[in-house]
Every structure is written in structure tokens, then in C-alpha cells.
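So the chains spell out like this:
Number of protein chains: 8
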Amino acid sequence: MISQQLEQLLKAYKEGRMNLEMTITGIKNKLKEEDLGFAKIDHQRTLRNGFPEVIFGQGKSTKQVVSIVASLVSVGSTVLVTRTSEDVYKVLSSKYPNCEFNELAKTIVLPAGEIKPTGGKVAVLSAGTADLPVAEEASVTAEVMGNQVEKIYDVGVAGIHRLFNRLDQICKADVVIAVAGMEGALASVTAGLIDKPVIAVPTSIGYGANFGGLAALLAMLNSCATGIGVVNIDNGFGAAALATKIINLKKNNKNQ
Amino acid sequence: MISQQLEQLLKAYKEGRMNLEMTITGIKNKLKEEDLGFAKIDHQRTLRNGFPEVIFGQGKSTKQVVSIVASLVSVGSTVLVTRTSEDVYKVLSSKYPNCEFNELAKTIVLPAGEIKPTGGKVAVLSAGTADLPVAEEASVTAEVMGNQVEKIYDVGVAGIHRLFNRLDQICKADVVIAVAGMEGALASVTAGLIDKPVIAVPTSIGYGANFGGLAALLAMLNSCATGIGVVNIDNGFGAAALATKIINLKKNNKNQ
Amino acid sequence: MISQQLEQLLKAYKEGRMNLEMTITGIKNKLKEEDLGFAKIDHQRTLRNGFPEVIFGQGKSTKQVVSIVASLVSVGSTVLVTRTSEDVYKVLSSKYPNCEFNELAKTIVLPAGEIKPTGGKVAVLSAGTADLPVAEEASVTAEVMGNQVEKIYDVGVAGIHRLFNRLDQICKADVVIAVAGMEGALASVTAGLIDKPVIAVPTSIGYGANFGGLAALLAMLNSCATGIGVVNIDNGFGAAALATKIINLKKNNKNQ
Amino acid sequence: MISQQLEQLLKAYKEGRMNLEMTITGIKNKLKEEDLGFAKIDHQRTLRNGFPEVIFGQGKSTKQVVSIVASLVSVGSTVLVTRTSEDVYKVLSSKYPNCEFNELAKTIVLPAGEIKPTGGKVAVLSAGTADLPVAEEASVTAEVMGNQVEKIYDVGVAGIHRLFNRLDQICKADVVIAVAGMEGALASVTAGLIDKPVIAVPTSIGYGANFGGLAALLAMLNSCATGIGVVNIDNGFGAAALATKIINLKKNNKNQ
Amino acid sequence: MISQQLEQLLKAYKEGRMNLEMTITGIKNKLKEEDLGFAKIDHQRTLRNGFPEVIFGQGKSTKQVVSIVASLVSVGSTVLVTRTSEDVYKVLSSKYPNCEFNELAKTIVLPAGEIKPTGGKVAVLSAGTADLPVAEEASVTAEVMGNQVEKIYDVGVAGIHRLFNRLDQICKADVVIAVAGMEGALASVTAGLIDKPVIAVPTSIGYGANFGGLAALLAMLNSCATGIGVVNIDNGFGAAALATKIINLKKNNKNQ
Amino acid sequence: MISQQLEQLLKAYKEGRMNLEMTITGIKNKLKEEDLGFAKIDHQRTLRNGFPEVIFGQGKSTKQVVSIVASLVSVGSTVLVTRTSEDVYKVLSSKYPNCEFNELAKTIVLPAGEIKPTGGKVAVLSAGTADLPVAEEASVTAEVMGNQVEKIYDVGVAGIHRLFNRLDQICKADVVIAVAGMEGALASVTAGLIDKPVIAVPTSIGYGANFGGLAALLAMLNSCATGIGVVNIDNGFGAAALATKIINLKKNNKNQ
Amino acid sequence: MISQQLEQLLKAYKEGRMNLEMTITGIKNKLKEEDLGFAKIDHQRTLRNGFPEVIFGQGKSTKQVVSIVASLVSVGSTVLVTRTSEDVYKVLSSKYPNCEFNELAKTIVLPAGEIKPTGGKVAVLSAGTADLPVAEEASVTAEVMGNQVEKIYDVGVAGIHRLFNRLDQICKADVVIAVAGMEGALASVTAGLIDKPVIAVPTSIGYGANFGGLAALLAMLNSCATGIGVVNIDNGFGAAALATKIINLKKNNKNQ
Amino acid sequence: MISQQLEQLLKAYKEGRMNLEMTITGIKNKLKEEDLGFAKIDHQRTLRNGFPEVIFGQGKSTKQVVSIVASLVSVGSTVLVTRTSEDVYKVLSSKYPNCEFNELAKTIVLPAGEIKPTGGKVAVLSAGTADLPVAEEASVTAEVMGNQVEKIYDVGVAGIHRLFNRLDQICKADVVIAVAGMEGALASVTAGLIDKPVIAVPTSIGYGANFGGLAALLAMLNSCATGIGVVNIDNGFGAAALATKIINLKKNNKNQ
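Protein chains in written order, with the numbering used here: chain A, 1 to 256; chain B, 257 to 512; chain C, 513 to 768; chain D, 769 to 1024; chain E, 1025 to 1280; chain F, 1281 to 1536; chain G, 1537 to 1792; chain H, 1793 to 2048.
Bound-form chain A, shown alone:
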């Protein structure tokens, strides 16, 4: 069935109904589409997004994760597993000894060759100690996607001198990821101080009227500062992926 579809794709290209780029994407999709029974893996995402393969580990059994990893490794992708556990790591590391577990971020990285640098720099800011798991998820993701990462942790606004002490470093980044729970004010204060895009990540850190991160989320959406894009609560991965897409704009420009 797939060869038939390929034939059509090529014909379509030859007859001018499809442009070069889309034909290539199409061919890649066809070649790589596999059905593991429980999930269709998007091998082509790597090529389309310039990203490694990412497995969202939450809600998947160890067996499922191992099976998807095997499929991805077989085609030579760097693999990032997020929201996973030490148990999964133990199983994977027996098979892939070079895989790396980040205990805070709960991520596993299986590198495949050199990571192609984006040439961009991402500053990952976090407000408090308790925000570190999310900040680390953002940092690991940004690194594995080829960015230089500057970690600027524990700079919450209750002691604002800590943020100011690090302003020089922050200003040198292309994109800033501001990770904060509780009242989430870090995003507003940072965006008011610098000219770069700020990606705000509310975290579910806090208690009481925090309501699982709602307080920080609303604060970030209502920021009085401009230049802030908000991602989902605790979504360190998503923030880093967005940062990479932004930096790729700059990179592509260089090559023009």
C-alpha cells in the first residue's frame, strides 16, 4: 500500500501539483510510518521540526516506552523521554548504557550522534527551589534540541536583588524561559527588564489558593509587560520547544 502511495506522490510532484518540500515530507512520512499497535510514531517530526524524537512518558507503561524507544533508536534518532521515572531508566540503561537520567526533571536522553547546534542561547529562570523540576525539564529539552542553556535558578521576586545580580547573563540570551509557581510574578518583572521574548511557564508549585498552578497561570496571562507567551502549567518541555522554533528563525536567517 505504501509503495502505491509513494508512486502517487512522485507523479504528483512530476506533474507540478505538489512542490518540492511537501513531496519530500510526504515521502519521509510514508517510508517511516509504522504502527506499533498502540501509537503511530511520527518519525518525520524530527525532520519537520528539527527536534529529537520526544516520548511523553506520563501514563505509558515501561513496556510501552521501551518499545517506542526501540523503534525510534532503530532509525537513528536522538530520543528524549519526559515525565518518566527512575524505574524506566533502569530498564533502558541496561539496554542503552549511554542514556542519561535527570532525576529532578524526570527525563531520559538517548543521544544519537552529535546534536546539531542552533547557535542560540536560552536562559532558563526559576523562581524557587520547588520549581526546579519544571525548570530542569526545560533546560534538558533546550539542550537536546541544540541550544546553549544558561540556568539562572532561585531568582524569585521576593528577593529581587537575586534577579538583578544575574541581569547581565539574562540579557545575553536570545530567549528567556521564566519558570514560576506561587504568584508567578517572575515573568512580568523579567519581561519589563529585557527586550527579548519571554516564554512563561507557570508551575503547580504552591498550596491553598494556588489551585494547581492556576494562580501563576492567570498572573502570567495578565502580565502588564509585553513580549510574553505562556505555555501550559508545568510544561517545561513545551517552553523549550517554542524557544527552539524562535531561535531557528534567527539561525535560518543567518544562512540566507
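Worth flagging that the hints you see were computed from the coordinates, not collected in a lab.
There's no promise every hint is true.
To be verified - With a cut-off of at most 27 Å between alpha-carbon atoms, the simulated DSSO-like pairs for lysine-lysine come out as follows: (1) G:Lys1631 with F:Lys1401; (2) E:Lys1145 with D:Lys889; (3) E:Lys1196 with D:Lys884; (4) G:Lys1631 with G:Lys1652; (5) A:Lys121 with C:Lys684; (6) C:Lys628 with C:Lys607; (7) F:Lys1452 with G:Lys1652; (8) C:Lys684 with C:Lys628; (9) F:Lys1396 with G:Lys1631; (10) A:Lys63 with D:Lys919; (11) A:Lys121 with C:Lys633; (12) B:Lys319 with B:Lys351; (13) E:Lys1119 with E:Lys1140; (14) F:Lys1431 with D:Lys831; (15) D:Lys940 with E:Lys1140.
Fit chains B, C, D, E, F, G and H to the given chain A structure using the hints.
Structure of chains B, C, D, E, F, G and H alone, referenced to chain A:
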């Protein structure tokens, strides 16, 4: 009926079943209790709280407000009307020419003699231009209750240098009232910079995911800084009343 | 007082405690700080952000808007007034005949000289006719900030062929702004099709369980596609400002 | 008491006060009503709805489930247990060796004779791997109710080509069940592409601002596409039951 | 440009890459696509959905509505305008004297030739007098889409005998639309009594803890009865459109 | 200190400042007030309310419960422990062999002499099997407070004939307690059928958009039937206590 | 059709399938059922509930109200219109000069003969001046239903001596209705002081985090005092109707 | 790096660009700043706030807590660990035998020398037994910060005589902390009785419509009494810290 109750109060005091302070309060309550049909006015509040009489104007007809004012003025109280309108002012000013209308705060003050100073200083901070009505309600209230008021407006965290330029003034206050809508970060940043109690007033200013002030309210309740007490959304009056109770502690202490 | 502060700034620079950029910003702040009584205008924002001056018109009286405009025009800024009305326009246009009113977006632009192009292209997508006011606010803002704008309206996912018919145009943009109310699916579908950053703007369009834009907001935050940054409900201005900050990264890179 | 009620029912029919259909239902109700102490089992539901007996397992002890199953099996019903566990299955399978456990769906089916086919086809779509438990509950239910089921899993809108690759299959179904968590856009996109009724099942899959499925639920209710009926979050069973009622319309029509 | 696309569509069909039905739809789309500047009208929807053209009037100016109507009438469509006003009707009726305004439903119908009957019957139930506008919107829509409509109004569960008095009529319908505000129990009770699919429409009728229809919406989603699909609050139109899609299944079957 | 207070109470009575009833209550309060360190037990509640002593077990340690029970038993009260566990029962029963554990309701009753009958009858209705724990808590409470209890379980509105089959019994009760989760329609339907006060108890039974009982709670508050008073979610105890207060009105009347 | 139904009812009774009471109700229903086109008026409610006829005026046009009133007056009912306006009153009073308008409560009463006293007393408490409209709705309703009403207004807990001053009166009531907005504490405090059932009516009075009465509603549902039944926000009518049902228990008892 | 920064600070002071107070703070910050890898400990907070060092234990591993404690003890601070566990206590007490664990409050205190008294008195009120953990957290914190603490527990408003019995004690405090779950009325009633500032702490105690403390939180924010500042749900620590800042005002005043 009232004389009978008084008799009991006095007997109770004589027989030692009631202490001096409570007997006095009781007598005042009895003497002043009047029934206007639609509201029992707490004349004794002035004495108990060291406050002027306050009429919450919202939802009351002009006629109702005028009638309550008349009752209060007759016993010599300074009167503060909040959440009122220019229409009410026009009616009142024809009768009480010295009453003052604050157009932003929508307050009317009818002074009765000198205001007894508390000896304390309240700094009222506001984040943006749109927060001014609430900030002014707090300022008017704090002044009419005998405090010295320092207005430090338009110091929102998106341009944090504006706040820092005023830090000297802020530090000299006994109590700081931080009025902010949108993400409400002003309270956290301020409380992290100073040692004084901060009363946070979320405002309903903003749009979209602000949800009528909920965003700022949650942010203030979840502040990572210590020393913040939060009042209801847009409750400038309540913030000033709390500030006055706090300052009265200090004042009473002086007299010890 | 200001001259004294300037002196300090220069000394600080001379002694190497402050870098060139921050010293310049500092000087500008000092020179331009003015107090109009109800708002401190950040003249320096233009320079810091590469943005025109923006006045958020909602909740301000015509008199207030005119007064702020006069102050800004006097220093030669291009001025953008958002969330304003035809009434304000009538007053302003009598004084500044070249100002432009966008009826849908409810914006007024007072141009001051040529707008400096960013060299970037922003595609503004909208799902339905009713989302147009927000989409237009984004478009006007993006244009006045120097971007080339491609308007791709009425491409909601209920008739997905409409979106596909415009994919070529969308792919040529540097940044995509996806404006959608109701179920807000436009952002997810678009981000799944292209490699560029997508700024999602939920709108309050809809009824019933839309809850003032909450439905679209939550959908956009929970997108299964990567590369989406969300701004506040109906915040077309904020989306365009973020897009410009992103594009400026690329532009700055060109000049390196 | 029951025989007395039956007598009345028959008299009522004879005298024309009750039509044929209602009398039959009434008799069935009376004959089968049993009181197990903790639940009255609606044996008559099978006949009224053309459905097997269904036990909602959540919150019931293994002992309770076994007791209800025994009662139902004794009258020859096919039994479907939803939201159950492997533990319950182990107990039941020792007694009823032909019962089937679906590990993903957490369902047990105890077949009783041939399932009477409805002659209809239900396509069950799911957005992501994590939505499978709910999708499988819908599939198992639809099958046990006599429908032909086409499973079209992992076709979320972030990679919309996956959905399009399966459009042919989807179009052949009478009713489509669209199961999706996160932003729930699958329902809108599908309903915009086909002419058949779409039953949307939001799932609680996701995190952060997903709020237990609220995001997907609101998105589906606010769909800009027509022809969507929404069921409760995670209610795969309810979606299949509704699909069967719809398909029975068609079937009944055939027999007219 | 369009002719070129058509050519491709035909070629695609000839070469077997596209089936008959999709090719026809494609051709229709191309032929009819028009751009009114503010909205792309989906002329092809009529053909795809067997529906008249529908204009959602809310948020559109009279001028916009009139312009869209003109475009639709020119291609011979029956037009339904929902959420409109008497003012729009006055303008339209001067131009199209045969158009019909439903004061309760706030709908306008401009008939174009005979409506093709679906052969199905829809019962529209409403709980109280105040739910009538939504019930009427459903009834008008269902009729203009070719269904026979049985209106069974004011049968709320507080006086359940009213519902039972009408059960005979209800049982004869193919699909039941249950419109209810307040506690929304009508849907559950009805679905428990009959075997047909029930489309539940929560209304925003009520006050206090009704929260704009949320109470009825949640009740309907949590129904203990099976066979209920819920649409958005106040969405009478959507309920009728879904009912029509369901009935078309039956109709198509007849023709097989 | 207590003897001094008593003296005052008696003096007050003698001098006519306190009526007989209040003096008695006062004396009881004084005599029985004990401080266990972690809770002041209201021994006088029994007398004031005609209720047994009730211990809310949730959040209290076994040790705390045993200690409070001992204190209450020592003064001869019947004791009801709600929201407790089998573990607490095991400890208590070793000391008080006649105490009774209700496994569904999670209540323990320690009877002390005959319960004084109220002479009233309470019908406790429940919608589904899963609502039984709450219904049983109401039943146990109502019984221990001296009411005759009629349990009418599993009469949810999805099979409304089950409710009608029991109407005779329901009509004989003085007060009806309607316990229901999911859509909570049982309260509305029942209140529409009978003339007696209905106390509605929403339960947290359900899933998805049930939101922990919110759906049933809102439905009950918005009932279109009159004569319903709502208590907190899962508050079977509170419903029975209210029912008893209502029945006591009737009883007191008998004695007049 | 109706005579046919009556025949059946009588036969059913004769044959013993229906008891006396239900047959009477049935006959009344049949005799009085009228269809005004937009609402079926429940004439029989009066007889069933011992209530006057009540028209919920909100959302009904003056014309609709007048039409329903005429229908009800024609059968000799006392009529209560709630949530109406002075405009409706003006129209009605021209036709029925003895009708009475309560400006605060926004109610109209059209008396028909003597109101039959229940023999019970209802105390209506309100916390503040702004709660009066709801308290008056409760008072008017309770009176028109035959109860003696004691109005105890402006006894909010911020000045708790006001409540205590009225305790004697409160204790003499059979049922207490506690009307309060803001923090709604009046219900808890009152229920803790007396032995009678308390019906709590949250009002939407307040601002900010009051969220339209949600604050008071939640407070009343979570009361730590027993014996409280809660009705919908602002539902003064519902509280009085429930009070009457409770009092009727007592009355019926007297007659036994 | 630090010595370099100090040099700058001193120079800045010498040249008059920094005042004495800020220079001292700056030097303290620099000297004490340490980086433990996962958190920057604010040693200077003690000095700035007059507080002991506080470690928020929730979400931190035992290892992390021990490491931070060691760092703090090394500089001679009194340390308070909140939201910790007996397990952490066991580890700490083996190293620091004089540390004290409060089982209810889940706090550990490691005293370092005498605590400097503030000279103020804090009354901590709690409504019920279940609120004790939060009340104890407030009490422990207030004590360790140098205040005299008066514990007035179990004085909820359902038995208001308990509160009145303790009024004398309450009146002697400078600041009152009112801890209450459920309907949270304790704060309003208390603030209405006394002249001192009341800090309201809602607790998550309760069930059902309590929604994790939301009910009490909203009640406290909407209090009809003046002089209340609200902190986050369950934030006993925050209340005590605010109380201390308030009391320090008074203390500082004494020294003037």
C-alpha cells in the same frame, strides 16, 4: 425599654459582673441605637473603632444615603460615603456645602471638626493608571481616618525602575497599601523590599483571563514574600481601615 | 535632582560599573520622565522596545487619552491607541488630521515619520468573522511596529480546506498569530502544519460554555502541538508585540 | 403484591387505557424486579434499550459486582462490566471461564449467546495513545451492543495527515465517536469533514490547565462545526450507547 | 487560479487518486468560493450537509448580514439567520417580502423553493416558559432542514404529569431535543423513558447558582440515563442540526 | 471560676434579667464544660438540640476519637461517630461491646438508654447504589435521633417507574431526604410530586464533569420545584439533623 | 379528550387501582389544565401545595404576565408575581385596583379572599441594608402563604449585639429564614443559637470575590452549625415556600 | 567575584551614591550568599526581617532539608522548618538534640540562643479541632519570632458562647489570628467585636462544597467587618509572619 436596659447595665457593672470598658460600650450602644426603618446605624462604631462613620453607597438610593447622612451628622460624626456618585454629591452639597467629592474614588467626605491624627503614615502604591479609583478610595479613607498619606502611583512592575525610584518614600511609611490589577505582582515585589506590613488590594482592572480581579487576587494570596494581608477585590476602603487599626497599635503604645 | 542622578550614571559608566547600553537607557529614563498627574509615560519604552508608544484606551476618558497623546506626540513618537472609540478618534482627528481609525480593531494610529521595517513577516490568521476585531488589533499593531502583515482570515477548522488553501502564504511568514474563539482549535492545527512559532490569541467570541473565552484559552494552553505561546484573551496587541520581539531577534542577527 | 400489580396491568390494557407496548414493558418490569438489598437491577433495561446489562464497576466491591453478575447471568443476559479491575476479572473468570477482560478499557464481557447485530458501523477515533482506555471502553461497548467497530486510533490534529490518511474509513461509518483529551480539537475537525453525527468524548488526559478534562469538554461544546453531541468526560460507554440508539433508528427503519 | 485547481481535481479523479464524492465536493468548493472581504461563505455546505445556509447573526452588523444574505440568495439557497433582531428583519423584509421572522427564536428564514423533507420527526421538549426562545430556535431550524417538528413545551419535571401526558407524542419522534434551564432534569427523565436518542440543550435560564447555564449543562453531562448527547448552552440551532444528521442516516438507509 | 459564673447566672435570673430557659441552658453549659486539650466538647448540645452527641471522625486520630467518646459516655450521652473507620470501631468495641458499626455509612453508634422517639417519619431516598454510603449516614443519624426511618433506595430518575412504585411510602413521611449524585434530579422530581419538605443531599458520586458533586449541588439549588433545602455535598448527617429539627416542630406542637 | 381521561380516572378509582387522594388530584389537574400557548398553568398547584399561584416575572413580557394573571384570577386564586417591575404593576393595577406592589421586593400580590392562616410564625433575618430586596421577597411570600412574619433586619454579624438584642423574637419563630450576602455568616451564627430549622438564603450582594453570591452560598453550605437548609442565591421566594411546607407539617399535626 | 562586588559597594557608598542603610544590607547579602546547588539561602533575611530562618519543607527531600539546615546553623541562625515530617525530625534530632518537633503543626524548631522578644502578644483563635494543625503552625511561628502567644482554640461560631467566654483574653492581644475552615465566619465575628487587626487564615478543613478551603477563603475576603487581612489557605506561617511585622511597628515606636 432602653432606660430599663441601661439600668441593668449599670447594676451589672456595680455588682462587678461587667468591666468598665464593656459597660461604657454598652451604654453608648443603647443611647445611640436608632432605627431608620431600613438600617440600624452603628453610631458607636466611631467610638469603638476610632473611625468616622462610613456609608457604603453602592445599591443605596440617593434618598437612603441622604437620610443616613442626616442622622449621622446630627450626632456630630465625620461621615465618609464610598461607592457613591456625582448625583448624590450634588444633593448633599446643597445641604452640606463643605462636603468634598473625589471624582476618581467616588467618595464624599463630610468633615466634622478636626480629624484626630493617628500619627502614622500610609503609603498607597498603585500599579497602573486604571487602578487609580481604588487607590484613591484607599487614600481618601486613610486620610479621613487621621493618617498621613503618601501617594505613589503608577509604579507597576513592568517598569520596575519606577518603583525603585520611590523606595525611599515607601520605606518611611508605617504601612504600605499595594493596589494592583492585572497580574498583581506589585504586592510581592514590594513586600520583598521592605520590612513593613503590606496590605494588598487586587483590582478588577484588566480583561480576558483576569476574570474580574481573580488573577490579581490569587497572585496576592500566593505571594512568595512574607508580610502581606489581602483584602477583597477593589476594596480600597477596607485596606485603609485595616491600615488604621495597625497604626493605632503603634499610637496606643506611645501613650503607654 | 535629575541632573545629580545623571552625573552618577555617567560616573558609573566611566568607572566601568555600568555597560554602555544600560547607561544610555538610564539617561533616557531620567531625561524623559514626566508626571502628568495620572500616569507616568514611559517615553523610553519606544527606544527600549523598538515599539511605538501605545495607549491602552479602555477605562480612560477622552480627555485623558488626548492629554497623553499630546505628551507623546511632542517628543516625536508614533502613537498607537488601542481599545478606543470613534468618539476619541473624532476629537483626535480634529487636532491630528493624519491619524487613522480602524473601526473593527478600535485602534487609532498617529504616525510620526517612516516606520522602521523589521524585515519580518507576520501572518495573522482568524477562525471566524466574529474574531476579526481581535485579528485586526493584531494586524494594526504588527504593521505599526514595522512588520509586513499577511491577513488570512476566516480559516476556522470546521472547513479545514480553507486553511489548507492558504498554507503557502502561511508558510512564508516568520511568525504566525492564530486568533480564534469558540473551541480555539486553529492554533493546534496550524502549529502541527508549520515549523514557525505560533502565537495563540483566544477570543471571547462564542456563547454559553465559552465562558468569556475560557474555552479557547484552555484549548490553546493544552495544545497537543508544539511551538505555541499563548497570550491573554482578546489580546491582539500583545500577540503582535511578542511577534515583533521574536522577529527582532532575527533582524539583530542579520546585522551581526 | 407483584401478581396483583400484573392483574391491574392486564385489566388496564383490556380496557384500552394502556397501549400494547407499555403493557409489555410493565409486565417485564414486574416479573424481573428483584431486590438484592443494595441495588435494584433493571433486568428490563435490556429489552427496553436493546442493550446488554451493564454494571458500572467503580465504587462497587468485588463481592457486590459478583453478586449482581450472578443475578443477571441467571436470566440469560449478556453482561458488560465497566470501570472494573483485573482483580474482579480473576474472581469472575474462575466462575465464568468465557468472560473476557480488556486490560486497557478495564471492562469485562460475559457473553450470553449470539449478539444481535445492529447492522450499523461505528468508527471510534482517538487523538493520542493516552486516550486509548476511553476509546477502548467505547469500542468494547459498541461491539457488545451489536455494532461493527472500526478503530482509528492516534489521529490527533497535531499531525493532521494521520487523520486524512484514514478519511475513507471514517466516511464509511454511520456514527463517529471522537475521543480526545488535551485541547479536544479532533471532534471539530472531524465534524467539519464528514456528514455523519459525531459523538465527542472529552478525556481527562493531559495536565496543568487541562483541569481533569475541562479543557477538552469546553472545546467540544464550543465547536464551530455542526453535528456534534458531547458526553461526559471519559464516558466511552455513554458514547457507544448513544451511537447504538442512533443506529437503531436506521435499523428500525429498514424493517419498516 | 481556480480553473487550474479544477483541472487538477479532474486529473486526480481520472487517475483514481480521488473518489467520485470527494471530487464533486471539491469542484463545488472551487466554483462557489467567494470572498466578501469579511467572511468566506461556504456555499458548498448546503450540498455537503443537506442544510440550508445559516448565518449566525450575533455580533454581525445589519449591513454585514444583509450582504451575506444577498450573496447566498443569489445562488438559490434557503437562508436561516439565527440570533438576529427585529431591526435586521425590517431591513431584510423590505427586500425579501417572503422572509419570516420568529420573534421568540430571533430567527429569520428566507425560503428558496420547497424544503426537501428528511422524512424524520423531531420532538422539541422544553421545561419552562423561559426556555421557549431556545426551543423555538431548535424548532425553526429543524423545520427549515426538512424535519417534521412536534413542539411539546412546558413539561418541566416539577410537574411530571405534564411530561407523562405527552409521552405518546414523544415516543413517535425519531429524535428528541430536550431544552431545559435551571436543574436541567428534563433530559435525564426523558432519556429514561424512551429508546430514541436525546439531544440535550442546557439553557442559561435561571439565576443565582445557575451561573449562566452551567448548572443545567453539568446536570445533562452527568445524566444517569443513557443515550444523551449534549450541545452548548442555548444552542438550539446546533441541536436541530445534529438531529438532522441523525435522521439523514435513517433516510439514506431507506434509499439503500 | 465556674462557681463564680454560676452565682452570677442565678443572680441574673433572680433579678429578672434572664429568663428561665436561658438560665438553665447557661447552668448546663457551665457544669459540663471540659477542656480535653484539643477540643471543647459541647455536652450541652444534646440538651439544646435534642440530639445525641456527634463526633465528626474525619481528620481525627483513633486516640482522639476514643478520648472524646470516653468523656461523652461518662455523662451518659448516646454517641454517634461519623466518617470513622473499621479500625476505630475495633478499638471502641473492645471497650464498649454494645457499640454498632455501619460499614456503608462508616458510622459508630454507642447507645445510652432508650432513644426518645420524635414521633416523626423520615423517608431517605437514594438515586443509585453508589449513593448508599451517604444515604446510610442519613438513615443512621435520623434513627439515632429518634425518628422512624423508611429507606427507599435505588430510585434514580433514569428509571422513573422505580420512584413511582414507592410513592405511597414516600407520601407517608413527614420529611423526605433525597440523596443523589450525578445530575441530582431526584430532588426536583420528588419535590414536584409531594407536599412535604425535601432535604436534598448532593453526593460526590460520579466522574468527569461531576467535579466532586458540584453538578448535583448546582442542580439541586436550581430546582424548578419548590420546597427543597440543600445541604453540603455528602452531608447525610446534616440532612438528618435538619429533618429532626423540622420534625421536632411538629412534636412540640402536639404537646401544646 | 379531557372528559375521556376523567372517565378513566373514575373507573380506575372505582376498581381500586387508585386511592382517593390521587384521584382527586388527577381530576383537578384535568379540569384545570389550560394551554395559553406559551405556558401551561398549574392551577392545581394551589390545591396541592396550599400555596397561592406564583408567576416568576423575570424574562416574561408585561403582556405575558397580564395574560397569565387573568387566567389565574378567573379561577379565584390569590396571585403572587415575583421579580416583576413597577411597569407591570401600573398595567395590572389599572385592571385590579386592589393589587399591591412591594417596591423593594419587586412583587405584586392580587389577593382573592382571606388568606388561610397556617398558624405558624416565620422570622426573616437579614444581614445588611442591601439584602433587603431578597428579605422582602421572602417576607411577602411567607405572608401571602398564610404565615405570621417577624422581620428582623440589619442584624449582620459584624455587630453581633444587634442579633443578640433580637434573640427573644427569633426564638419565638417556628422557622427562621436567614438572608445574607457578603460572607453569609448570619446563618451559622443563628443556627448555633436556636433549635429551630434555619433556611439560609445567600444573596448576590457584595462585590469582588463575592462572585455573584458564590461566597455566601459556599459559606452557608459549609456551616459548622446543624439544622440549615440552603436555597438558591437571591431565592427569597423559595425560602418562604419551604418554610411554609415545614410549618404545614405542624399544622397538619394539630388537626390529627 | 564577591570581593569585587563589595569593593564596588563601598566605593559607591564613599562617593555618596548609596546611603548607609542600603550599603549595609548589600554587604550582608554579599557576605552571606552561598550557592548550595539547588537553592540560594537568604541568610540576610533574618537581619532584614527580624525573623529566624524558615525552610518550607513541603516538596523538599530529607537530604535537602538537612543540607539547608546545616548551612543556616553554621551562621548561628534560629531555624524553623515548616510542613515537614517526623522522619525529617528523626534525622535532624540525631544531629541537633535540642531541636523540637510539633506533631500537629509539623514544624521543627532549632533554637540558637535566646529569642529576642517583640514585646507583643498574638492571640491565635481556631474554630474547630480539625483546624489545629494550621493554628499550631501559626502559634509555633509567632513564638519563635519572639511574640507572646495566647492559644484560644475551638471557639467556632456554631457555639458562640465559647468565643464570648474568651473575649477578655482576646482583647488583650495586639494582633488576632483567626484560623477557620468550613464557613470561616470566625474572622468576621471576631473583627466585629474587637479593635485590633485580625489576620484571617482560611483552612482546607471541610468537605464537599468547601473546595479545598475556597469557601472559607471567599467568606473571609467578603467579610462585612473591617480590619481583616487574609492570607493563603492553610498559611499559618504567613499569618504569624505578618503579625510579627505589625507588632514590630509598635516595638520600633517604643524605641523612638
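Run the structure past the numbered hints and jot down the numbers of the failing ones, going up. Numbers 1, 9, in rising order.
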